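Read left to right, the sequence shown gives residues 14 to 65 (the working numbering).
The hints are simulated quantities; they were obtained by calculation from the structure and are not laboratory data.
This structure is a prediction, so every number in the text was calculated from the model and none was measured.
Among these hints, one or two may not hold up.
[Stated by the list, open to error] Computed spacing ranges between beta-carbons, pair by pair:
1) V60 x F40: 28 to 34 Å
2) C65 x A45: 27 to 33 Å
3) C65 x E36: 43 to 49 Å
4) A59 x V39: 27 to 33 Å
5) T56 x E36: 25 to 31 Å
Using N, Cα and C, we set each Cβ at its ideal position, and we do this for glycine too.
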Amino acid sequence: MFLLHFFTNRNTLVTNKNTSEGESEVFRKRAAYLLRIFLSPFTVMAVSHQLC
């Protein structure tokens, strides 16, 4: 999860010259953010299940 968070934060530093690329980049960041929110509880449950 930390690597994904670092990857999405690093993408914000990239400036797109084309507007269509900028829109797709915003959509990609939004999708990655939502994916991270949805996956975080499942990863926590999976790790805790393996530890027990």
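Hints the structure fails to honour: Violated hints: none; all satisfied.
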